[in-house]
Amino acid sequence: MMDLFDYDDGREGYYGQYGGTFLPEILHTTIEDLKREFGSAKQDPAFWQEYVELLHSYSGRPTPVTSLDNLSRHLGGARIYAKREDLNQTGAHKINNVLGQGLLVKRMGKSRVIAETGAGQHGYATATMAARFGLKCKIYMGAVDVARQRPNVFWMEKLGAEVIAVEDGQQTLKDAINECLRDWVTNMDDTHYVLGTACGPHPFPEMVSWFQSIIGTEAREQFRVLNGSLPNRVYACVGGGSNAIGIFQGFFNDIEVELVGCEAGGFGPGAGNHAARLAYKDASVGVAQGYKTYFLQNEDGNMMHTHSVAAGLDYIGVNPILVDQWEKGRIRFEAVTDQEVTEALKLTMETEGLIPALESCHGFAQAIKEAAQMSPNESVLINMSGRGDKDIFTIADALDDQKWREFIRQKAVEYGI
Amino acid sequence: MIKSGVNLSGKKLWNTEFKMLSGYIAKRKKTKSPLVMTHVVCGYPSFEENLKALEIMQGFNVDIVELQFPFSEPSADGPAFVRANQIAIEQGVSVKDCFEFMRKVNNQFSFKTLMMGYYNTVFKMGEAEFLDRLQQAGGMGFIVPDLPIEEACTLFEGARQRSLSPIVLMTPTNHDSRLQELAEAADGFVYAVARKGVTGAATSMSPELINFLQRCKQYTDLPLAVGFGVSSPADIRFIGDNADIAIIGTAALRAWEAGKENALSSFFSNLLGE
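The listed protein sequences derive, respectively, from chains A and B. Just so you know, this note's numbering puts 261 at position 261 of the first sequence, and the rest follows in order with no gaps. Position in the second sequence counted from 1, then plus 1000, gives you this note's numbering.
Derived from the structure by calculation, the hints contain no laboratory data. By construction, the Cβ of each residue, glycine as well, lies at the ideal position given by its N, Cα and C atoms. Check each hint, because a few of them may be wrong.
[As the list claims (entries may be wrong)] No farther apart than 27 angstroms at their CA atoms in a straight line, the calculated lysine-lysine pairs in the DSSO-like style are these:
(1) Lys403/A x Lys328/A
(2) Lys1032/B x Lys1217/B
(3) Lys110/A x Lys1196/B
(4) Lys369/A x Lys411/A
(5) Lys1030/B x Lys1217/B
(6) Lys1052/B x Lys1104/B
(7) Lys369/A x Lys346/A
(8) Lys1196/B x Lys35/A
(9) Lys42/A x Lys136/A
(10) Lys1196/B x Lys136/A
(11) Lys136/A x Lys110/A
(12) Lys1096/B x Lys281/A
(13) Lys106/A x Lys1196/B
(14) Lys1217/B x Lys1096/B
(15) Lys411/A x Lys346/A
[Unchecked claim] Over 12 angstroms on every C-beta distance to chain A, these chain B residues come out as not near it, computed from the model:
(16) Met1020
(17) Glu1055
(18) Gln1135
(19) Pro1233
(20) Gly1259
[What the hints assert, rightly or not] One-sided and incomplete, this derived list gives chain B residues near chain A with beta-carbon spacing under 10 angstroms:
(21) Gly1023
(22) Val1095
(23) Lys1096
(24) Glu1100
(25) Lys1124
(26) Ala1128
(27) Met1170
(28) Arg1195
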């Protein structure tokens, strides 16, 4: 059995040459304390048991694996299944990691949490956890994302969190992460930074991966029961990479199962058009936001603009474990354009009555493309990392829905605008 | 006590190679206390305005200037510097421009310069190339706050070979054992971070700060540079009494933004006297 977290001597937090801990000295003690607390929690079976019980009672786990018979028949190729992370409390896989870190916060005795958020899913989940656990909560969100994800902002605020619109830089996820680091270097005594994606300085990639591994552990067993074998391929969208590393971990040791990471191809290849770090050739290795990985950056090491229809994938860097496994040939990376995403969403809604989040649609689009070329004896599994109905404003835009536009105009009139 | 340039076994490592910045500071310290280190963000608002600000700083007998190479993710900086970094990058300021500017500044002024920036700027260029260019531009060393000493071995070793000083930060959150490790890696001077938080937030001249500076002195005999929103002659006297180098960053940037030459001159005049 391969253990991704069995580090070489003197290389704790490194996956091949990627990962590490690159933080200002002021956070040295905080991150050392966090490593120790996380290490002891990971060794404590009672901690994991408490985590799983919390997910069962509060978030509806285990989430099912659903056989998408209509979609499979429509394509005439491989049988398609989806792991239903959309059925979690708050509508996405993000809550898994957040509840895990919430338990860790209680262990550490801290009273305040901060978090970055892109699409708003992680902020929403963190605000939910903070409400449930009685913690103070501040969410940093790029101003551009605040503008395009108002419904999530609305819920975060109603749940008692303070939402700060970050006006620096591109005003998206990366800028929200910078702002969290600035808050953390000031308030580390009572504050834990609930990093939402499996990126940033060690121990975050390991910690987020560990909490999200529940997806893959459940999915592998459920798939075997349903299908009597393992899937030929597993697809997951990759922004920072937390849902992908979550489901992939269930299948890492099954070398016959191909793992496919689906990045945001946006408008297609070319600097500034997308957020595909590995599938396209516009990224290179760098060190920023606390860790070493592939970044979409220019020759001076300054980060480039990124674009995706899915805010949750619109990020400059990528999980260092996934990069290492990509280099070693264990994971294949593909990019899916905004256009392909929209088509996949329509087909999935019409054939299965499921509404995947735009992020998750990247996995659906790639699986749909490939399944059609595969044999009916083969099977594929998609991680449906979140549900799309809460993104109604964004999806209505992506589908260019005229009736929705008219409705918004009417609402504006009602509000006297 | 761990003396600079001496490792735990007491073996001398690089005391002679590191004479440049240390020697300069030692010489300046004979005539004034404290020394003064200021900061400009290269290319913000423009290189021309940088030069005008530096002329004023030279006029007030500033000893060291940090030239910040703009980076798109300046996560250790406060709002004023974040904005300055961002605007400089939007205006197209490149790393090459910054090195050229540094060379020009070193030819034109008598104070010494340090590169201040983030590790990705160094990493992307390649450590050896970065150090060569820094040396060619006449810089005395560098401050890279997001590079922990564990990750800095090759960069610091390369700096030693070129007589450049890697500046290490000590912070109030560090345990004693960590201060000792930091002291072993440090050279030139130690940048004592007066408080938690990003650049530009105000702190007071507190007993806690004195206590922290005393803890630093237990582990290093290098000069201590300290900044905490320095804005009054009393602040300067406090640093003269408790450390060696006063760091003036955000306040000078704000003065320039408020009223360019006149505002910056009166800021320094108020702070340092004629």
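Hints the structure fails to honour: 1, 4, 14, 21, 24 and 26
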